[in-house]
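Chemist: From first to last, the protein sequence lines are chains A and B. Residue 393 in numbering that gives the first Met the number 0 sits at position 394 of the first sequence, and the numbers go up by one each step. Residue 17 in numbering that gives the first Met the number 0 sits at position 18 of the second sequence, and the numbers go up by one each step.
Any given hint might turn out to be false.
List time: in silico DSS-like cross-link candidates among lysine-lysine, alpha-carbon distance up to 27 Å [said to hold, decoys possible]: (1) 324/A - 167/B; (2) 64/B - 350/A; (3) 167/B - 174/A; (4) 324/A - 164/B.
Here are the simulated distance ranges between beta carbons [to be verified]: (5) 133/B - 84/A: 37 to 43 Å; (6) 309/B - 421/A: 20 to 26 Å; (7) 309/B - 394/A: 18 to 24 Å.
Honestly, the hints are just simulated from the structure, not real lab data. No experiment lies behind these values; they were computed from the predicted model shown. All residues carry an ideal CB built from backbone N, CA and C; glycine is no exception.
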Amino acid sequence: MAYIGNTDADRRIMLDRLGLSSIDDLFTDIPADHRFPELELPPAQTELELLRDIESLAAQNAAGSGMLSFVGAGVYRHFIPAIVSYLSGRGEFATAYTPYQAEASQGTVQTIFEYQSMVADLLGMDVVNASHYDGSTAVAEAAIMAVRSTRGRSQVVLSGTLHPEYIQVTRTYLKPQGIAIDVVDPPEAAGSTGPTMESLLAAIGDDTACLIVQNPDFLGRYVDLRGLADQVHERGALLVVHIDPIATALFTSPGALGADIVTGEGQPLGIPLSYGGPYLGIFAARKELVRKMPGRLAGQTTDTTGARGFVLTLNTREQHIRRDKATSNICTNQGLMALRATIYLAAMGPKGLSQAARLCWQNAHHAARLLAEIPGCSVLPDLFFKEFVLRTPVPAADVIARAAGAGVVPGLALDRYYPERTHEILIAVTEAYARADIERLADAVREAVTRTADAHAGKEALR
Amino acid sequence: MSSYRFDSPIPPLLYEISRPGRRGVLLPESDVPDTPLPDNLVRSDADELRLPEVSEQDVVRHFTKLSHANMSIDTNFYPLGSCTMKYNPKINEAVASHPGFASQHPLGREEDTQGALAVMYRLQHMLAEISGFSAVSLQPAAGAQGELTGILMIRAYHESRGDTKRTKILVPDSAHGTNPATVTMAGYQTVEIPSNNRGTVDLDALRAACGDDVAGLMITNPNTAGLFEEDIVAIVDAVHGCGGLVYGDGANFNAILGIVRPGDLGVDVMHFNLHKTFSTPHGGGGPGAGPVGAAPVLAPFLPGPIVTRGGTDDGDYRFTMPENTIGRLKSFHGNFGMLLRAYAYIMMHGADGLRAISDNAVLNANYLRVLTERAFPVKFKRTCMHEFISVGSVYDGVSTMDVAKRLLDYGFHAPTVYFPLIVKDALMIEPTESENRETLETFADALQAVADEAQNNPDLLHDAPHTTPLRRLDEVSAVRNLVLRYQR
């Protein structure tokens with residue numbers, strides 16, 4: 000049997016030592032009438048057979064059939080330098096676990112410390128933890144942390160342009176704890192760009208622990224947050240900002256804008272799309288809040304000879320020590336994804352990361368310009384980074400289906416999340432796309448819009 | 000005598016070798032018409048992006064050297080109890096990195112992602128079959144999130160019946176810390192149930208705690224002492240009898256594949272740790288994946304989306320939200336890359352292969368238990384499942400931690416220490432099925448050598464580890480003088 004260390008001869012020797020005649024004798028504690036069920040599973044495959052199966056399954060995915068996709072909506076196709084997979088695939092990293100024995104795990108703990116340091120610099124924040132599951136759970140845990148950090152306040156205000164799935168996850172997490180959620184002006188209507196600063200501030204009451212905004216927001220809009228933190232603080236609440244780590248390389252850091260807690264989806268930092276995960280929940284805070292933070296933290300210390308080293312620290316916040324009084328139940332996190340992000344940031348450096356961000360800006364704006372020239376189409380919002388909404392004169396689903404037939408998925412139909420927005424497509428363009436790709440996008444959408452309009456006109460004419 | 004040597008000294012931080020102007024990966028210049036940036040919104044000089052500036056070779060050497068400072072399954076026996084540090088097949092990585100999956104966006108249209116949906120559908124069914132549940136959701140990102148899922152489902156079940164008087168969840172005192180922390184996150188109070196002197200749940204105490212204020216029980220079986228809760232049917236009956244439901248913590252599922260199915264025993268909902276039982280890599284702390292299986296009574300409450308099939312037999316896979324779903328636990332569809340690895344692992348084993356995993360994991364644990372009990376006494380002297388608990392503090396002036404650190408010098412990762420809390424100074428040892436007899440015997444010899452040293456030369460243990468790149472690290476001063484990022 001593959002992956003099992005012992006032979007029949009070994010097992011015989013071991014059973015003899017135990018004074019047993021068969022392995023079945025090890026399981027007498029199990030209720031006899033339920034012992035040894037017959038499992039109905041597919042027959043075992045060899046590696047070669049499995050690979051044939053996997054090849055045929057992969058070919059049934061768009062990514063396996065060479066389609067060009069501009070879907071973003073929270074996770075994006077970015078360039079991943081070759082060394083990210085090369086180094087993070089090393090078994091010494093991948094097959095270790097949480098560094099409970101720090102002396103035999105310095106590779107992992109120092110990497111976490113370097114991750115914390117680099118992401119703190121990227122965000123302009125004091126403290127970064129060793130990661131959450133993804134952007135959505137980071138937001139939910141930030142809301143809980145804000146309630147814990149503002150005594151007596153038990154409600155949170157969410158901008159309506161937070162990723163709709165993040166709002167759903169936050170509801171799942173907060174409901175059992177009795178934390179109320181006010182979602183301000185979700186952009187449900189066609190052409191809406193969500194709440195204004197005034198409406199967000201007006202929603203903050205005496206019971207509000209925090210305001211959570213996403214920037215760039217779900218529709219791609221870059222929001223000018225200058226001055227917001229002061230106004231939130233005047234109302235006694237904390238400001239939580241959910242960021243895109245690539246945008247943050249270019250725009251004023253959330254720390255410089257006065258955010259108290261910062262969350263982010265770390266997938267753009269060298270992590271493949273992989274149909275939904277694993278990703279990386281970025282989580283940062285001001286240092287005054289560190290003892291309220293969930294998640295693991297690596298800290299610097301010395302060994303008995305005075306040499307510098309790193310350990311997991313502030314463990315008394317965590318479930319394995321504090322049990323029912325812990326800041327969160329999180330145990331396993333996204334360590335290997337944090338490693339990928341660390342390697343990515345090191346390989347890119349400040350200049351490479353800024354350049355990636357500038358290319359996102361330039362490419363996305365070029366795409367928006369070409370698409371806005373298509374008759375009947377327009378682009379919103381006014382200020383965006385790498386993602387924007389294209390309004391189409393015909394149903395978005397038809398445009399996407401036609402373009403997909405030509406090998407281009409132009410983006411995400413917004414009615415997936417906002418049923419009334421049937422004529423809008425959310426489109427993401429990053430540094431990973433060449434000018435030719437962008438032109439192919441524009442051509443495919445132009446063709447699809449024209450043909451869809453013609454088809455509709457044809458139907459009308461036949462009536 | 001100990002002889003293990005790490006390969007190279009620990010490198011400095013990347014920040015410490017950074018030089019202005021040094022570049023790693025280069026990107027092209029923009030070739031599209033220029034769009035000016037909004038100057039008032041970009042980072043100012045005071046807010047300058049300060050990341051290390053290093054060459055690509057610097058990065059490669061840095062992380063290669065760092066990797067050498069780790070123990071891992073690929074390099075060392077890693078008997079970390081309750082974590083199931085088994086061999087991680089490399090085919091899993093090849094499958095997960097196939098561009099047809101790795102480059103697939105999660106919001107691709109269903110008709111464009113039938114391959115990925117088929118994997119999820121099949122995995123749901125295989126996990127349900129292995130565990131005896133009627134439905135499975137692959138959403139939860141890790142075991143602890145699977146626990147939260149399960150308790151939220153139990154909560155939703157009671158609320159759906161208008162039963163709002165239940166405020167308590169029973170948790171045995173041998174449980175992982177994630178269990179009581181989960182209870183709090185789910186808005187319930189934990190009632191701790193004591194263990195008996197056999198290391199299992201005290202059935203009388205459990206029965207006494209059952210009442211109409213109990214929402215449910217969280218039980219890990221086999222438990223954290225590595226023992227099968229032999230009264231499980233009576234335990235489940237007692238909880239069901241008072242109107243509560245039973246959550247099974249699947250952390251130790253590696254012991255019972257093809258041996259017994261929790262669903263058959265009356266457990267209502269359970270999570271799987273794909274990074275333990277189903278061989279996905281632990282990644283230095285994660286990612287994991289914590290799918291949840293449910294009996295018919297709780298299946299409608301599963302988090303979604305889950306994958307279902309249209310009318311035809313071949314294909315037409317689609318996402319569906321269960322009828323009374325508790326909602327979403329994370330964005331998109333779960334840690335798909337981990338799901339794919341677990342799918343590969345199960346497909347390569349089949350029913351007989353899975354049974355062989357548990358047979359060998361339990362045989363290895365019992366063999367090691369017998370080999371080591373002279374060096375360090377085993378707490379519960381009975382047949383164990385996949386792991387067992389030794390007491391590490393039997394030699395004067397030597398602590399369990401001293402023993403753990405000394406084992407590193409012998410080239411073994413230490414067992415889990417000081418857990419479960421029901422055993423003072425515990426060493427929790429889980430060998431897994433992938434280790435061979437020689438490794439177990441060498442480890443037993445090392446434990447005996449450490450026991451001898453503890454009696455003849457205890458300072459050798461107090462000062463351990465000796466051969467690691469750093470000597471014993473001071474955790475107290477790390478807390479007292481918090482440094483959580485590089486200080487310029």
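Chemist: Next step is simple, just say for each hint if it's right about the structure.
Modeler: Hints versus structure:
no.	hint	in the structure
1	324/A - 167/B	15 Å, holds
2	64/B - 350/A	25 Å, holds
3	167/B - 174/A	17 Å, holds
4	324/A - 164/B	23 Å, holds
5	133/B - 84/A: 37 to 43 Å	38 Å, holds
6	309/B - 421/A: 20 to 26 Å	24 Å, holds
7	309/B - 394/A: 18 to 24 Å	23 Å, holds
When the structure is compared with the earlier hints, no violation turns up for any of them.
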